[in-house]
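**Q** Chain residues, written in single-letter form:
Number of protein chains: 8
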Amino acid sequence: MAKFKLDEIDHQILDMLIENTRVPFTDIAKKLLISAGTVHVRVKKMEDAGIIKGSSLTLDYRKLGYSFIAYVGVFLQNTSKTSFVLERINEIPFVTVAHVTTGKFNIFCKIRARNTEHAKDVIFMLDDIEGVYRTETMISLEESINDKKRLMHSIFNEL
Amino acid sequence: MAKFKLDEIDHQILDMLIENTRVPFTDIAKKLLISAGTVHVRVKKMEDAGIIKGSSLTLDYRKLGYSFIAYVGVFLQNTSKTSFVLERINEIPFVTVAHVTTGKFNIFCKIRARNTEHAKDVIFMLDDIEGVYRTETMISLEESINDKKRLMHSIFNEL
Amino acid sequence: MAKFKLDEIDHQILDMLIENTRVPFTDIAKKLLISAGTVHVRVKKMEDAGIIKGSSLTLDYRKLGYSFIAYVGVFLQNTSKTSFVLERINEIPFVTVAHVTTGKFNIFCKIRARNTEHAKDVIFMLDDIEGVYRTETMISLEESINDKKRLMHSIFNEL
Amino acid sequence: MAKFKLDEIDHQILDMLIENTRVPFTDIAKKLLISAGTVHVRVKKMEDAGIIKGSSLTLDYRKLGYSFIAYVGVFLQNTSKTSFVLERINEIPFVTVAHVTTGKFNIFCKIRARNTEHAKDVIFMLDDIEGVYRTETMISLEESINDKKRLMHSIFNEL
Amino acid sequence: MAKFKLDEIDHQILDMLIENTRVPFTDIAKKLLISAGTVHVRVKKMEDAGIIKGSSLTLDYRKLGYSFIAYVGVFLQNTSKTSFVLERINEIPFVTVAHVTTGKFNIFCKIRARNTEHAKDVIFMLDDIEGVYRTETMISLEESINDKKRLMHSIFNEL
Amino acid sequence: MAKFKLDEIDHQILDMLIENTRVPFTDIAKKLLISAGTVHVRVKKMEDAGIIKGSSLTLDYRKLGYSFIAYVGVFLQNTSKTSFVLERINEIPFVTVAHVTTGKFNIFCKIRARNTEHAKDVIFMLDDIEGVYRTETMISLEESINDKKRLMHSIFNEL
Amino acid sequence: MAKFKLDEIDHQILDMLIENTRVPFTDIAKKLLISAGTVHVRVKKMEDAGIIKGSSLTLDYRKLGYSFIAYVGVFLQNTSKTSFVLERINEIPFVTVAHVTTGKFNIFCKIRARNTEHAKDVIFMLDDIEGVYRTETMISLEESINDKKRLMHSIFNEL
Amino acid sequence: MAKFKLDEIDHQILDMLIENTRVPFTDIAKKLLISAGTVHVRVKKMEDAGIIKGSSLTLDYRKLGYSFIAYVGVFLQNTSKTSFVLERINEIPFVTVAHVTTGKFNIFCKIRARNTEHAKDVIFMLDDIEGVYRTETMISLEESINDKKRLMHSIFNEL
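Residue numbers (the working numbering), protein chains in the order written: chain L, 1 to 159; chain U, 1 to 159; chain R, 1 to 159; chain W, 1 to 159; chain Y, 1 to 159; chain G, 1 to 159; chain H, 1 to 159; chain B, 1 to 159.
Note that these hints are calculated values from the structure, not bench results. Note that the Cβ used here is the ideal one computed from N, Cα and C, for glycine as well. Where hints are given, some of them may not hold.
Unchecked claim - Quick list of in silico lysine-lysine cross-link-like pairs, BS3-like style, CA-CA up to 27 Å: (1) 53/L x 149/U; (2) 53/W x 120/G; (3) 148/U x 44/L; (4) 104/B x 120/Y; (5) 5/R x 5/U; (6) 120/B x 104/G; (7) 148/R x 149/W; (8) 104/L x 120/U; (9) 120/H x 81/L; (10) 149/W x 44/R; (11) 63/W x 120/L; (12) 63/Y x 5/H; (13) 104/Y x 104/L; (14) 120/H x 104/B; (15) 63/H x 45/B.
Stated by the list, open to error - On the chain Y side, residues computed to face chain R include the following (Cβ under 7 Å): (16) 79; (17) 80; (18) 102.
Build the full structure now, drawing on both the sequences and the hints.
**A** Set out below in structure tokens:
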């Protein structure tokens, strides 16, 4: 898993984009005393290398009526069904994250739902996938931290 | 928890921004047959209402040398220490998500690390926070789904 | 789930009925300095709105020979069987409460029985329902609190 | 634990009161072809014997804004603290039931709350009682059965 | 479950037999200042009432080459198989005790074996019974107390 | 752990005593075609060797009012307290068996009690021993097998 | 399980071979003031008796690209499949140790793999063996002790 | 963690040494058609690079009176005590392997003992280390696989 080499300028560009993906390249250029073209070229290069995979909006799900978060551990009947089950899970938009894990569960998911009833529906959708043996749910009482920016800055500082 | 009222135009704007936060407002305007000013006003309104909280880059952590993901369940000595411990956790950049949860754990975290050794260091940082009684770790063997776009589209379609 | 609006008078009526459902409306009327007809109208209104669903006797089950209380967690073979199993559970009068739950169990029941042997029979009835995979029982050594009146008063005080 | 002897008439009176605690004694008397005075005497006798401990309203908590139900298992630091902790629990109106139990937990509670946040507050109140070592919560997704009437009828039929 | 009434003399007879089942009735008679015939009659009466079910030797299993003790929890596929499985278990002489239990296991057994290998064989015999789903074993490192005499004396003292 | 050598005659004597410890030596002698003196000598020899440690009555605890059986797992604060705690346990007559065990618990006990309340008292006695950290109880719904005779016969047959 | 009798000279020979299996017999002979032939004869004798079963290299797996160690607990569908499953496990070179165990798991394995992905492949190989019901994995963050020499010296000192 | 580069000749040398660490270099040389000096140089090089860390005898512990194997999971009071506890564990020769682990336990050990009593002593030594909070033991009924040679061959074949 070779690391792509990023230089100091790349880090500074990323550091600014992390804070606001919509910041105009001309602003970045001005701040770093380089040309907007250079910014453009470097961002393009990081996209081509697959380091920047895209950008996403940070929405307030609570305000959109989706205040319920839960983690659901999935036990499979057999791990040979892992890919099949993941494809089915992928069809449920309320599952935002899914990992193949060690330990107690075979697959571990994060779900967002409107409320307790809706969560029940989503959990039942997971339960009803062929090959799923049982699920276990842990409910979030409060999302206290959800922030990758600290990690991103930390990565660029240590490089 | 009153829901902010979004109309059809708002949904379509959000639907486009979800796919690419850097899409120029003029492109959105052209597509929706409205003026760029209208796009600007509506986005501003959704930002002011707190529905759009910002935007973030989607990086390939694996390419940046951070291929190790784990979930860490934290048991507290007493829940009265919850806020204090969350503040300490917030100082560890390798913790990207933390929830106060029901069930087995008091706090449930997601961490990203460079490798097994680094993960051990991060887990020990968590363990050493005053008020933390014990931790339990579940390691991700594969991040199969990490995608909120399906959820966002689903929300705007159903509204 | 819009809340029905209750005013101060409604609260006071409920507060008296909570203590004794058989208190004559004339007594309530006298205490609140309103007419018995008003009490009648308001109680009727709360019944129609579904807020008052009925009344129940509080019996001493111990004196009636039912001193054994247990909680039984039910694991289903598949959550698609939830409704079917709940209907079967509903035919067992010794199950007084049943919830669809998150966490370890699919359904969680409270049972009352005459003694250990009878409890075994009730647990076996649950175990033998088609679609039930396994049960786990937790026995009550002492029912220390069983009182919704404090909650009801608290609700009416905070409204 | 000697059982109080109830005769057929007592059972029929109880059977009617179970369905509606506010049914006038004259109605019961007419149905059973006895005098209202007899009904009164017998109900009084059952109250004096402690078999009838009172009556309670059945409210729709969901309509009153209390749609969240959870079971909370409490671990004590030491069982010698059981009485002390139960007294503290008794001060929290949102705990409607509490049992001293065998198995995993020392005390097992049922709580009703307004929503996830409120539930968190209630759970934290429990956690913060001196002598409580840890709690574990199981959330109800649906209250499917809550009905003692079937049990009461069953008891009177079998006597 | 009516208790058989034992008087003071019965208790004293039992108290002596508990210590040594082979003590001659004449010795008991002398000690209690009654006739040997009375002792005989009363023992016979307690045997007929089923209170004395028999007597058993206390052997030193360790000296007989059976030093390995374990507790085995048995999970059944379905509790309707309980009687069938208990009959099969009853054919294994190395299982000395078996209970139908609440909680985690359906049946809970105590086994004595010659050593680790023999224990494995016994556990596999249990595992291979039709209707047994899984077993879990807990090994005794030291049998510290195995004594019903204290209980027997306590019972007769309190009566 | 050298085994004491028992010959065929010893086995036959034990086989008869196992069934009934009160069988007269003259009966055994007649059956085995040896002298009563020989029986006496050999029983004495097995007692001296510690193989026969004594004899005990088999009582019907249910008839004596002790129908409640439970297994209690004890967690210690520290295994250095094992001997101390076992001495305290030994003072509770309702604990008939106690083992130092591997696995989940430090000490594993069998208790007999009059009923649920009494069991609670016994469990609380265990809980309150200094050095005991926590207990977990599993209740017997039915004692299906309690019989060492099959084992004893099996041992003597295989020798 | 009779112990083979080793004398003082045997112990000293083993003590030297434990430290370095390649030490020439002439060096051992010189140190112990015996002939090389004697060393040869005694080593041969211990090999014939099966005490010395062979020798193995101690490699640095980390340097060979195998830095990932995990313990995998295997649950079988039925213990009658134990031998069959062990034969299949024996075909997976990445499993270096496997035990039939008491307690939670039926078989307990130690695996070495190149990294997280490779570990996933190995775990899936185990999961896919016919007769395996489920596996549970515990990952090593650091191999702190892996040394039988201390044990060997201790054994020879105590003999 | 850069891998040391081994060529085909190195692999073949290791392949022979794995089977028998005492095979003379001249035999290896003959087989591979190279000089004994080359074998010597290459083995020396692999030792210097730390790939070959030494060699160890494979003894039959069962024949040496050590037939008892168990895995012991150790819970620490706090992970900051990990190094201290590992040093103490390192002083117990009966612990042959110890890992810092994720999941349920902080440290996971493998022990070898003479028998059940000795195992109890070893487990108590672990329990009594300052900073150890609790231990949990899983006993091996049969060591079915203990063989790194398959792994070593597999590594050299794949390189």
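**Q** Each hint: holds or not?
**A** Hint check:
no.	hint	verdict
1	53/L x 149/U	holds, 14 Å
2	53/W x 120/G	holds, 25 Å
3	148/U x 44/L	holds, 24 Å
4	104/B x 120/Y	holds, 26 Å
5	5/R x 5/U	holds, 24 Å
6	120/B x 104/G	holds, 14 Å
7	148/R x 149/W	holds, 17 Å
8	104/L x 120/U	holds, 19 Å
9	120/H x 81/L	holds, 14 Å
10	149/W x 44/R	holds, 23 Å
11	63/W x 120/L	holds, 20 Å
12	63/Y x 5/H	holds, 25 Å
13	104/Y x 104/L	holds, 18 Å
14	120/H x 104/B	holds, 19 Å
15	63/H x 45/B	holds, 14 Å
16	79	holds, 4 Å
17	80	holds, 5 Å
18	102	holds, 4 Å
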